[in-house]
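J.: So the sequence lines, in the order shown, correspond to chains A and B.
So in the working numbering, spot 193 of the first sequence is number 193, and the numbers just go up one at a time.
So in the working numbering, spot 185 of the second sequence is number 416, and the numbers just go up one at a time.
No wet-lab data here; the hints were simulated from the structure.
Here the structure is a predicted model, which means the values were calculated and not measured.
Keep in mind that a hint or two might mislead.
[As the list claims (entries may be wrong)] Just so you have them, the derived chain A footprint on chain B, three or more residues with Cβ under 8 Å: (1) 290-296; (2) 340-353; (3) 370-384.
The beta carbon of each residue, even a glycine, is placed where N, CA and C say it ideally should be.
Number of protein chains: 2
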Amino acid sequence: MTSSRPAVVLLSGGLDSATVLAIAKREGFSPFALSFRYGQRHAIELAAAERIARQQGVERHVTLDIDLRQFGGSALTAEIAVPKGESVEQIGEGIPVTYVPARNTVFLSFALAYAETLGTGHIFIGVNALDYSGYPDCRPEFIEAYERMANLATKAAVEGTQPVKIHAPLLHLTKAQIIRRGLDLGVDYSLTSSCYDPGNDGAACGHCDSCLLRQKGFAENGMKDPIRYRA
Amino acid sequence: MTSSRPAVVLLSGGLDSATVLAIAKREGFSPFALSFRYGQRHAIELAAAERIARQQGVERHVTLDIDLRQFGGSALTAEIAVPKGESVEQIGEGIPVTYVPARNTVFLSFALAYAETLGTGHIFIGVNALDYSGYPDCRPEFIEAYERMANLATKAAVEGTQPVKIHAPLLHLTKAQIIRRGLDLGVDYSLTSSCYDPGNDGAACGHCDSCLLRQKGFAENGMKDPIRYRA
Chain A
1 MTSSRPAVVL
11 LSGGLDSATV
21 LAIAKREGFS
31 PFALSFRYGQ
41 RHAIELAAAE
51 RIARQQGVER
61 HVTLDIDLRQ
71 FGGSALTAEI
81 AVPKGESVEQ
91 IGEGIPVTYV
101 PARNTVFLSF
111 ALAYAETLGT
121 GHIFIGVNAL
131 DYSGYPDCRP
141 EFIEAYERMA
151 NLATKAAVEG
161 TQPVKIHAPL
171 LHLTKAQIIR
181 RGLDLGVDYS
191 LTSSCYDPGN
201 DGAACGHCDS
211 CLLRQKGFAE
221 NGMKDPIRYR
231 A
Chain B
232 MTSSRPAVVL
242 LSGGLDSATV
252 LAIAKREGFS
262 PFALSFRYGQ
272 RHAIELAAAE
282 RIARQQGVER
292 HVTLDIDLRQ
302 FGGSALTAEI
312 AVPKGESVEQ
322 IGEGIPVTYV
332 PARNTVFLSF
342 ALAYAETLGT
352 GHIFIGVNAL
362 DYSGYPDCRP
372 EFIEAYERMA
382 NLATKAAVEG
392 TQPVKIHAPL
402 LHLTKAQIIR
412 RGLDLGVDYS
422 LTSSCYDPGN
432 DGAACGHCDS
442 CLLRQKGFAE
452 NGMKDPIRYR
462 A
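Taking the hints into account, I'd like the entire structure generated from these sequences.
T.: Below is the structure:
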């Protein structure tokens with residue numbers, strides 16, 4: 001274990017990426033956290049990302065401004081109602097309206113650029129193919145294809161000095177397993193924000209797909225989610 | 232040939248992308264041009280992109296702000312001297328310092344997001360693997376891997392409604408052939424800007440890789456490059 005291997009860690013401020021940051025550190029990487037202000041309605045998650053980066057400790061935390069709103073097309077950036085329910089069984093089939101076009105592709109591409117300038121090929125992302133909302137860019141085959149493409153894209157990879165490795169350590173974990181792993185690593189989940197439709201005070205709605213999944217994950221660990229929910 | 236098929240066309244303002252835009256139109260696509268203000272020193276190319284879009288006619292022209300300067304690492308965005316020479320024989324081996332980390336990956340990813348919101352999978356890019364500067368993300372194997380990844384990344388591609396097709400019609404053409412094709416399609420190359428180090432008045436330096444390649448291309452067509460060069 002060395003402390004001098006840099007890695008770019010995509011940090012949304014949610015439960016998953018907070019766990020991934022802790023895993024990257026445990027694996028001996030020096031994390032450079034990368035967040036995006038992309039016109040999301042839930043900008044509260046960026047404040048959460050800053051809290052998490054500060055609390056866990058990172059080499060640097062960069063928040064990039066990119067305006068996906070110019071393209072429209074998703075509940076998270078446009079004025080479409082976020083679907084709500086009472087339990088995970090009510091999460092719809094197929095790809096939900098909260099899908100942001102090509103979001104993980106865009107985020108990974110910036111991570112790739114950042115990694116190359118840092119002289120590393122290591123990128124961490126908190127995608128998860130089990131307890132998730134059905135986004136295509138969270139599946140293992142997407143991550144594999146991205147890594148393959150990335151190894152043809154950069155000077156460092158092509159010259160063989162920095163092969164690109166997309167680390168997706170949560171890919172095959174349930175939400176309950178992710179939380180268990182994070183608790184073992186000392187992640188403070190009270191700092192995280194996952195809600196697609198939080199109040200102005202940051203309190204989570206408790207009924208969007210994301211809230212339902214994390215509540216179930218904590219319940220399966222015999223715990224109560226430590227974040228605040230709207231009354 | 233139908234005029235209602237939208238396509239995203241990456242438009243840098245250079246000779247290659249101006250030609251690609253004309254090709255997309257000739258193939259019956261309704262072009263949505265996409266440019267980037269990414270901290271490049273040669274912002275003059277954005278003015279060229281606007282001129283080209285206006286002259287050729289597009290459905291819409293979007294210029295996105297993305298700040299790759301936060302990552303550093305290239306002559307085009309940082310304060311590193313652009314290499315100069317007297318002929319294309321002096322263009323160095325390997326990948327030059329003008330390389331921008333993961334640039335085409337980032338640009339294609341935004342094009343992918345834009346295409347999906349437009350309800351199309353068609354993306355045009357002016358990469359060229361012959362008379363180019365040795366960038367890894369201009370090679371056919373990169374474009375193929377990107378297309379494969381993209382077809383796993385978006386809702387529209389995964390649901391089968393909009394498979395992604397990366398059109399790279401210049402990939403196997405020499406610069407002279409590109410110019411010949413563009414002239415046949417009526418491209419006004421006096422509007423384009425390719426120089427890595429233009430003067431404040433927009434005049435090209437005449438000695439960077441990009442200037443040398445285009446001058447040779449026009450010469451091989453028995454013509455003089457119509458843009459202005461510094462005395």
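J.: What are the numbers of the hints the structure violates, in ascending order?
T.: none
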